[in-house]
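There are 2 protein chains.
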Amino acid sequence: MKKWVYAFNSKKTDGNRDQKDLLGGKGANLAEMSALGLPVPPGLTITTEACIDYYKQGKKINNDIKEQVKSEIKNLEQMLGKKFGDDKNPLLVSIRSGARVSMPGMMDTVLNLGLNDKAVEGLALLTENPRFAWDSYRRFIQMFSDVVMQIDSDLMEHELEHMKKSKGVNNDTDLNADDLKKLVDIFKSIVQKETGFPFPQDPTEQLWLSIGAVFGSWNNNRAMDYRNHYGYSHEWGTAVNVQSMVFGNMGNDCATGVCFTRNPSTGERALYGEYLVNAQGEDVVAGIRTPAPIDDNNRNDSNRHEKSLKEIMPKAYSELVEIYNKLENHYKDMQDMEFTIEKNKFYMLQTRNGKRTTLAAIKIAVDLVNEKLITKDEAILRVRPDDLNQLLHPRLDPNAKRHTLAKGLPASPGAAVGRICLTPEKALEYKNAKDKALLVRLETSPEDLAGMIAAEGILTARGGMTSHAAVVARGMGKPCVSGCGALHVDYKAKSATIDGKNYKEGDWLTIDGGTGEVIEGKVPTIEAGISDDFAVFMKWADDTRKLRIRTNADTPHDATVAIQFGAEGIGLCRTEHMFFANDRILAVREMIFAENTPDREKALAKLLPFQRDDFIGIFRAMNDKPVNIRLLDPPLHEFLPHEKHEKEDLAKALGITVQAVDLRIEGLHEFNPMLGHRGCRLAITYPEIYKMQVRAIIEAAIQVSDEGIKVHPEIMIPLVISKAELAILRKDVIEVSEECLKKAGKKIPYKVGTMIEIPRAALTAAEIATEADFFSFGTNDLTQTTLGASRDDAGKFLPIYVEKGALVADPFVNIDETGVGILVKMATTEGRKSNPKIHVGICGEHGGDPKSIEFCHRTGLDYVSCSPFRVPIARLAAAQASIKEKQNNK
Amino acid sequence: MKKWVYAFNSKKTDGNRDQKDLLGGKGANLAEMSALGLPVPPGLTITTEACIDYYKQGKKINNDIKEQVKSEIKNLEQMLGKKFGDDKNPLLVSIRSGARVSMPGMMDTVLNLGLNDKAVEGLALLTENPRFAWDSYRRFIQMFSDVVMQIDSDLMEHELEHMKKSKGVNNDTDLNADDLKKLVDIFKSIVQKETGFPFPQDPTEQLWLSIGAVFGSWNNNRAMDYRNHYGYSHEWGTAVNVQSMVFGNMGNDCATGVCFTRNPSTGERALYGEYLVNAQGEDVVAGIRTPAPIDDNNRNDSNRHEKSLKEIMPKAYSELVEIYNKLENHYKDMQDMEFTIEKNKFYMLQTRNGKRTTLAAIKIAVDLVNEKLITKDEAILRVRPDDLNQLLHPRLDPNAKRHTLAKGLPASPGAAVGRICLTPEKALEYKNAKDKALLVRLETSPEDLAGMIAAEGILTARGGMTSHAAVVARGMGKPCVSGCGALHVDYKAKSATIDGKNYKEGDWLTIDGGTGEVIEGKVPTIEAGISDDFAVFMKWADDTRKLRIRTNADTPHDATVAIQFGAEGIGLCRTEHMFFANDRILAVREMIFAENTPDREKALAKLLPFQRDDFIGIFRAMNDKPVNIRLLDPPLHEFLPHEKHEKEDLAKALGITVQAVDLRIEGLHEFNPMLGHRGCRLAITYPEIYKMQVRAIIEAAIQVSDEGIKVHPEIMIPLVISKAELAILRKDVIEVSEECLKKAGKKIPYKVGTMIEIPRAALTAAEIATEADFFSFGTNDLTQTTLGASRDDAGKFLPIYVEKGALVADPFVNIDETGVGILVKMATTEGRKSNPKIHVGICGEHGGDPKSIEFCHRTGLDYVSCSPFRVPIARLAAAQASIKEKQNNK
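If you read the sequences in order, they're chains G and C. Numbering of the first sequence is given in the numbering used here, commencing with residue 1 and proceeding in unit increments. Numbering of the second sequence is given in the numbering used here, commencing with residue 1 and proceeding in unit increments.
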């Protein structure tokens, strides 16, 4: 019989940490900790395969699985001397999801399962604590009703509030056993009314229903959103962990806490955690009470006066310290641990690699190498390239005036400036309108995920450093300030009060996730400074990678930024943006309207000095590094005037009527501009356009070379579809270049090559390569043509394609390896065969996407080119690709 | 040393007819005739390789070539006892171009070369005919000045006219020796004035200059246009034939003529020709004098009263008859011969396979098989598939009222209706405006070629059945009436008078090239009848071909026409045209505007009965043959209203305002509709659209099958880019189909497959094939995406691409074998590997293009599909492809 269930306990542990795909992260780590001899409450893990089977059976748990679960429950009963549903010593278990990757709060959990009308009495007797027993039963019914029976949670919440009100108390803890017993009755009658059946008393029935509900929660909307956001497969399924309960809420000798082995914000090597006395684990995460610090090192403004764990439970604290060292040595990574202390006995409930800010990730990786726990290669693989974004994006200008309204917890570093949005929907609305949103909430929950993704940053009134908002924001690299007590949110009035001052939705607000500051209005930001660890880390990456990293930059400013980020050259300098500048657009339009070559040449002559200056600026900025310049690419109608006064200016300059201008504009209209008269097609019909640009490039190169800079211009001809076409244009380029150089009496090496961005160019690359010094894959256009999908129009169907699985990912984000990728491979291989010296790179936006960069490495390209801010990301992704290849070749 | 020069004379002939690529058609045939012992004036051929070398040397003739020519000229002098430039018995030669294919009148010719101030005296003495000698010299200078020295021909023409006027005569022949001598002096002074040098007296210098000029004429504009039109390579080069002169213009015992061995209009087996007494060959072709008939069989309205060659030169006539039989037996094809009779001695100047109408080509091919001269395979190769157009296109409705204005010669059969255009430019203008042009000229010359291509038909006032207009028109399959004496053209007044009635440019006129009639206004036309020979010929083709031929038809009428033309099924039935019909467009628009699935389904339900009736009609028409139906393809915005009243109707139907309608229309706008939300993307987002169509197809199939017809529906899903996408849609199709069939209790075999029209589909064909019963290459869209060129917009650059050689041909006409073709091959091979049963065809317009059909045959497709009128063309092209493959495999 297939093994569906894996036990973990001090006697027998079936799984280990390498079985994350099968047991989920939580299950694999529970097994690993059990095997390590750590104090883990015993339990069992139902595999992810069982989840897949559950869906295959039409949402039914098959009998084999049930048998195996039952058998392991029996073992548990024997081991613990407890019995399911027993009126003396009942076995209580928790039911938790656990996928192969952590999806915090996305799926469902049921605690205290096993309680019923009899067992609750047993628990009261055993613990000598009827209040605790009835509170546990009350919580169980509430959770089970919500998660398993999908009863509106407000119904019971309302009764709870009502009870507190009628008793004149504020906290749940102020209700006594009788109150809670009454509540249990009320809750049970709600269940009867809502479902037509009494609350299930059979613990085994409770178990099957809960396991099914957890499997079911794999496909709830927020879990799907989360997976879509992170690109995780919907096919994986979740495991289910059934674990005997321990209680942090049995009295003041009980506690529960969450702790990181290193600081997840900074990476500092020291315990970082919070705990609550007499509480269950969910209480810490939910942020309902502000937790106390683990030790003095963890004190902050909001917990300054709480007693630390070290102070009140020194034995448990020292156990925690011991375990933390053990786990780090074992896992060789920073751990995120959950623990519970039941009557002074310490239990580990979970460990997993802790989420961290990128700053922390880099420091931890570098420290772990220095501590000789991991290799440099391992360190390089520890940081998600995309996460470097966090380091590269702006922080608040320290010199700017700021009016700080309040201070919350510095939950996720970075500055965010946006308009106040009180709902995720509003945040999405602003985002879609290309405006900036700041999500302001009492506290966040997984339902808010889409809004958190849309927002620049997150501000919450409640919750600690490990609250939902904090954890998720750090994972995303979004600035977050949590637990800001001075913030009051009125969802109904659509306003927020901060320190007594009222703000409406849409008002601007700034937060600094590094300090916890909440600041009025828009504060100017500046670029991020970069740590020493970062420099060390990136040096390791640079030493490892094979791909060269260039940048797409059209201006000296962009070029300078990119060099600071480590760019080794320009892979794509577009020349069309230059045409739009105010001082030249009229000449551009005269050129377009010219009816013959001499007129066109006259207009182009006006543009020449401007273009030359553009290139001089860029050559200077790039100082000795190669600069790849793409000749004019867009269709000419993009440069035409739309405004009346522009048309009048043009008409005047040309000595024609505005009507005539309109007529010509109409004549230049295209049905599918993407597939129209653009790219080098302009130069086949009007050779003088490219000739002017080449002259500008070479004359600029001559001038800058006179300043002592070694210039390496690369002249790129876009949209080529045939060898003959490229040969015609290459001849023009060389003629003009040689003429300029001869006149100046200089020798400057320059290259002439082409974009490969049309399928035919890729298909005939062997021929084209004989006329090209380099290929640069323009994967934006290559994706559009290979998939027959216009990027501007695909928004209407691509998301649905990804949702329905008709495409595995958005091909404009991750290169479409099975389609576009085949062409890239083919062209690279065939091009090199006929021209072994050819230099091959990529300049589409995929050049900054880690997955695509890995593809480029595997395909053997020479370089990738991306936007300046993505250069570090590309450097790291290239290094990781190189390491992964080494590992695969072992 | 490389052999650049091939001699042909009665003693030694170096070449033969198989060397057309090297010697040109004329040279190869002169060699062949010489070797056959026919009376050919001796000469030599300079190879096409010499022409290529000439261009390579920067338009210089290399010394090796000159040496070889000189040596052969010496042989000629010895053989004929004449000497270059001799004052007693000068050797005179003609210099003629000759490419591997006939390009009538496209390149230059120089006659009477060798004459100079001394030789003219020798010629006068020798012939005892000073008038002839001076006339020859006069002609030589005129031709040489025009062709070699590029002096404006009007200058000398003007002097000739002036001389005639001052002498009070009408014809050149009325000028005497002295007049001509004076003209020679005048001409020589024009040369001195225009070039700064005297007219060259050295025959060898004359020779080199003339040879260079003929080589140069290979690349004149009209030759380039001609080659572009017929798709001939510009790389071939022309040979040059230097041949000793014989004179048809030495007196009344001299003549010159042109003769076909069979009737080029009907194919009838009988000499078909014209001649002129006392004339040079060019006089017949130029159509300046109306020629006399070869024999009684060649009499027509305009030459009824002329004496035939048989009557006045019976010996020469019987020599001609003998030669004609010899040549047909030798060449096994109808010949087009040029002959000259010099003082009663018969000379063959040229033979070549004669151009003919398609009607004639088919009759000749069938006759030659019956005469056992050629095989059926050879016969099939004798007809250019495109030429079948001539047989398939309309002729005048015999029952229509017609006012015949005049009668000319029935030079090329078929009816043409168009607006009078007096210049080729005007004809092009109408053609470009999608209007119909009829080119009306005094006579045509090679400069008119572009206009002839643009025109529906050609009408000339002068010229015989072998005039330029007649020969070229027959070659193109264009209706032509030549030599219409009642026609007077006034280029200046832009009007034409026919039988005294005045017509302006732009007025409508009709011609019948089969009868020679010129008819007022627009006469209705009907489809062509098809001859018995045609049926026999096509039966041979059908027995030979491997490709099946289907048709693209959207209506029962088209389907019926296609079946009459031999279609074996429908390869593409588009369903979008059906959506535009008046009775359903409103429902279509309601469907588009639906905001949810139920509303969309409601609108679609209204369309269902219409669609079902459409398919019932087509299934009935196709009677047992397979019908491939493409589900909806265009973007929905194509169906939106543009007119105000349509918008109002829609607003009313939907209960919304016209402004709301406008807003929705704006929302559906796409930047690149070709790459937008269309094809099966519509069904991924709105599955109910295809479901309705599938229901209509299957319900129609059920109903027609109840009528006893075996229906073979094939359901085609367009624009597929991934296997997963097709799998989703195929599942829908099968579900709906099975539901309909189950309900009806019927079993009807149906196929589900896809278009391959996006590069990604071709690249992933191996995967896609596992979900498809068939592939149909949509090469229109596949060409657009593979080349990144929108057909609607490419008009601005594609012609220039072909002109500059950046592409070898218009890829929308001939399939782009090196680009698109690679994808077609790849998809076919890979698709068959993973699904050996897959059926593969093509339904783009290339399916009707013979070159592309040959490619499809070579690639191993199962069928091609084309428009109904191209079905016979495709049948023949497929047969030829099959034969060529057999020949290549030998």
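FYI, nobody ran anything at the bench for these hints, they're computed from the structure. A portion of the hints provided could be inaccurate.
Since the list gives no way to pick out one identical chain from another, each pair is judged satisfied if it fits inside one copy or across any two copies.
[As the list claims (entries may be wrong)] Calculated pairs, DSS-like style, for lysine-lysine (alpha carbon to alpha carbon, straight line, at most 30 Å):
hint, residue 1, residue 2
1, Lys804, Lys742
2, Lys60, Lys492
3, Lys886, Lys11
4, Lys884, Lys11
5, Lys691, Lys315
6, Lys12, Lys804
7, Lys743, Lys56
8, Lys884, Lys825
9, Lys165, Lys494
10, Lys652, Lys833
11, Lys372, Lys751
Reference check for the pair Lys886 and Lys11, CA-CA at most 30 Å: within, between, both, or neither? neither (39 Å within a copy, 78 Å between copies)
Quick one: Lys60 to Lys492, C-alpha cut-off 30 Å, is that within a copy, between copies, both, or neither? neither (42 Å within a copy, 92 Å between copies)
Please sort Lys691 with Lys315 into within, between, both or neither, judging by C-alpha distance up to 30 Å. neither (81 Å within a copy, 69 Å between copies)
Tell me, please, which holds for Lys743 and Lys56 at an alpha-carbon limit of 30 Å: within, between, both or neither? Classified as between: cross-chain Cα gap 29 Å, same-chain 76 Å, threshold 30 Å.
Give the relationship of Lys652 and Lys833 under a CA distance limit of 30 Å: within one copy only, between copies only, both, or neither. Close neither inside one copy (55 Å) nor across copies (65 Å); limit 30 Å.
Is it within, between, both, or neither for Lys884 and Lys11, if the alpha carbons may be no more than 30 Å apart? neither (37 Å within a copy, 80 Å between copies)
Quick one: Lys165 to Lys494, C-alpha cut-off 30 Å, is that within a copy, between copies, both, or neither? Within one copy only: 27 Å inside a chain, 103 Å across chains, cut-off 30 Å.
First find the shortest C-alpha distance between Lys884 and Lys825 inside one copy, then the shortest across copies, and answer within, between, both or neither for a cut-off of 30 Å. Within one copy only: 19 Å inside a chain, 35 Å across chains, cut-off 30 Å.
Since the copies are identical, ignore which copy is meant and state whether Lys12 and Lys804 lie within 30 Å (CA to CA) inside a copy, between copies, both or neither. The answer is neither: 42 Å in one copy and 79 Å across copies each exceed 30 Å.
Between Lys804 and Lys742, at a C-alpha cutoff of 30 Å, which is it: within one copy, between copies, both, or neither? Between copies, since 28 Å is at most 30 Å while 61 Å is not.
Up to 30 Å CA-CA - Lys751 versus Lys372, copy category: neither (46 Å within a copy, 64 Å between copies)
Checked against the numbered hints above, the structure violates hints 2, 3, 4, 5, 6, 10 and 11; every other hint is satisfied.
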